[in-house]
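So you can see what is in the structure, the chains are spelled out below.
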Amino acid sequence: MPSDMTRDAAPLRVSVDLNLCQAYAQCCYAAPRHFRIDGREALFYDPAPSAADRVDIERARLACPVQAIRVEDSQA
Amino acid sequence: MVGAGLAGLRGAEALRASGYRGQLTLVGDEPHRPYDRPPLSKHVLLGHLPADASRLPSDLTDDVTWRLGVGARALDREARIVHLTDGDSLPYDRLLIATGTRARPWVHEDEAKLANVFTIRTRDDSAALREVLAARPKRVVVIGAGFIGCEVAAVCRELDLKVSLIDPAATTLSRVLGTTVGGMIGEVHRKAGVEMRFGSEVEHLEHKNGRVTGVRLADGKHLKADVVVVALGAVRNIEWLDGSGLSADPGGLDCDEHGFVLDDQSRPDHAITAAGDVARFPHPLYGGRRVALEHWGHAVAQAEYAGRLLAGLEPAAPYAAVPNFWSTQGTMVVKSAGLTDGADAVAIVQGDPAERRFVAVYGRAGRCVAAVAVDSARWLPIYAEKVATAAPFPPTETATDRPLRDLEIQDPGFA
Ligand SMILES: Cc1cc2nc3c(=O)[nH]c(=O)nc-3n(C[C@H](O)[C@H](O)[C@H](O)COP(=O)(O)OP(=O)(O)OC[C@H]3O[C@@H](n4cnc5c(N)ncnc54)[C@H](O)[C@@H]3O)c2cc1C
Ligand code: SF4
Numbered sequence: 588m589p590s591d592m593t594r595d596a597a598p599l600r601v602s603v604d605l606n607l608c609q610a611y612a613q614c615c616y617a618a619p620r621h622f623r624i625d626g627r628e629a630l631f632y633d634p635a636p637s638a639a640d641r642v643d644i645e646r647a648r649l650a651c652p653v654q655a656i657r658v659e660d661s662q663a
Numbered sequence: 010m011v012g013a014g015l016a017g018l019r020g021a022e023a024l025r026a027s028g029y030r031g032q033l034t035l036v037g038d039e040p041h042r043p044y045d046r047p048p049l050s051k052h053v054l055l056g057h058l059p060a061d062a063s064r065l066p067s068d069l070t071d072d073v074t075w076r077l078g079v080g081a082r083a084l085d086r087e088a089r090i091v092h093l094t095d096g097d098s099l100p101y102d103r104l105l106i107a108t109g110t111r112a113r114p115w116v117h118e119d120e121a122k123l124a125n126v127f128t129i130r131t132r133d134d135s136a137a138l139r140e141v142l143a144a145r146p147k148r149v150v151v152i153g154a155g156f157i158g159c160e161v162a163a164v165c166r167e168l169d170l171k172v173s174l175i176d177p178a179a180t181t182l183s184r185v186l187g188t189t190v191g192g193m194i195g196e197v198h199r200k201a202g203v204e205m206r207f208g209s210e211v212e213h214l215e216h217k218n219g220r221v222t223g224v225r226l227a228d229g230k231h232l233k234a235d236v237v238v239v240a241l242g243a244v245r246n247i248e249w250l251d252g253s254g255l256s257a258d259p260g261g262l263d264c265d266e267h268g269f270v271l272d273d274q275s276r277p278d279h280a281i282t283a284a285g286d287v288a289r290f291p292h293p294l295y296g297g298r299r300v301a302l303e304h305w306g307h308a309v310a311q312a313e314y315a316g317r318l319l320a321g322l323e324p325a326a327p328y329a330a331v332p333n334f335w336s337t338q339g340t341m342v343v344k345s346a347g348l349t350d351g352a353d354a355v356a357i358v359q360g361d362p363a364e365r366r367f368v369a370v371y372g373r374a375g376r377c378v379a380a381v382a383v384d385s386a387r388w389l390p391i392y393a394e395k396v397a398t399a400a401p402f403p404p405t406e407t408a409t410d411r412p413l414r415d416l417e418i419q420d421p422g423f424a
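Residue numbers (the numbering used here), protein chains in the order written: chain A, 588 to 663; chain B, 10 to 424.
Please keep in mind that the hints were generated in silico from the structure rather than gathered at the bench. The C-beta atom is built at its ideal place from N, Cα and C for all residues, glycine as well. Do not rely on the hints blindly, as some may be mistaken.
[Said to hold, decoys possible] If the Cβ cut is set under 8 Å, some of the chain B residues that face chain A in the computed set are:
(1) H57
(2) L65
(3) K344
(4) Q419
(5) F423
Taking the hints into account, I'd like the entire structure generated from these sequences.
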């Protein structure tokens, strides 16, 4: 996971409704650098992925069977 | 919108999505655009995310005005004006109050100011605690074994730090889940190496040269600590409403069944709604009992409802979303639907606590009122549906591996 300290301004924003998420891990296959499952079902995701990864992120969003992933792309 | 957090943001979006095209201003006393708090007690502390990474996605465009780093100081409902801390004032036609909560501070004000004593509500809180944890303290003491306390204790163990969890109750999470299920979850933390001090109350923080050195318990025992995390719940941000004539106290700002705020004569003000952690409202699922929920999903759902109301759309029905939340404690995921308040029975309907994977359903007077899933997210919706429909308790069809006659009905263990 990238982890520089000025992430607030990143144009791509992601949030996952973890009430909805059922750890199907489809997002992890679609964008393995930004979504992962720890343990049995603890989803960890990067809320501020780099703009270069927008295709992966969009693929993850579409792959989620419960539509739990929300994305803002202010440069799209 | 006063309060630029999760509820303020989602409320503003709902207002726009409902067709409102007029002026829209979001006032927030934090200097940041709305950001997500759940990572602050989890991945930020682990060092997996910087504290400033969780600004929330939004579809608001440039046609809104942000007043950030400025608080609302007072509300004049007669004149329909919000007075700001910088001396400015904002007139309104419609107002959403979403000022949320703040961490309940440690009881002794002077001790709360000591170096290495933390609460967690904002991203600055979390960044500061992360820095100290990264320096590998010898022992962390967490005061309060609610959700945030459990999350922080689990993070400490993941970082291989010594940690003690102290609570006057008999188990972790006893207030929300009762001692039966709370104890099952506490057992997971104990096995992970969290030192549990239950039935213990911290009386004072000990210190030297302005820095915390330990805690003194009510029974006179001392515990060394170079970091203390105070996780004693939250206080509602309602002080700015003093003098507004609205009915509010530290337990919340009162609303009617739609979310319109009530004045001190219990009359709704149809120009003002409230949403998120700050709001207290009668929940139809629970016999109209007034509840205030501090849950992410609730902040979103109630703000969306409130935004539509403010746009003038007629509500189809009172706000009645089933309360739900999740908590990630180490790699264990605890999720719940419904409210356990007043539950008189609980049954494990799926899985096995010994394997750290189960669903517990709570009953009250023969109806399902809540369900809690530990590492069993996929099973929760079935039971959430039973809660939403107040289905008979114990639930009739349960796991195929568990015929009804084998269900053990237990006392949930609420004080
Ligand atoms: C560390 C942490 C972890 C959490 N983890 C989970 C979780 O795992 N699952 C879950 O379901 N929920 C979790 N929550 C709860 C969830 O984050 C809250 O329910 C949610 O943030 C509520 O949103 P809100 O907009 O009502 O309030 P807030 O997010 O508190 O937003 C209110 C905003 O209003 C501002 N404000 C206050 N007073 C004024 C004023 N007078 N003028 C202007 N602005 C003001 C505040 O500074 C704040 O920015 C967690 C909370 C915390 C703190
Ligand atoms: S695809 Fe959706 S449900 Fe599955 S893990 Fe990702 S967010 Fe969760």
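Hints, verified against the model:
no. : hint : in the structure
1   : H57  : holds (6 Å)
2   : L65  : holds (6 Å)
3   : K344 : holds (7 Å)
4   : Q419 : violated (24 Å)
5   : F423 : violated (24 Å)
Of the numbered hints listed earlier, those contradicted by the structure are 4 and 5.
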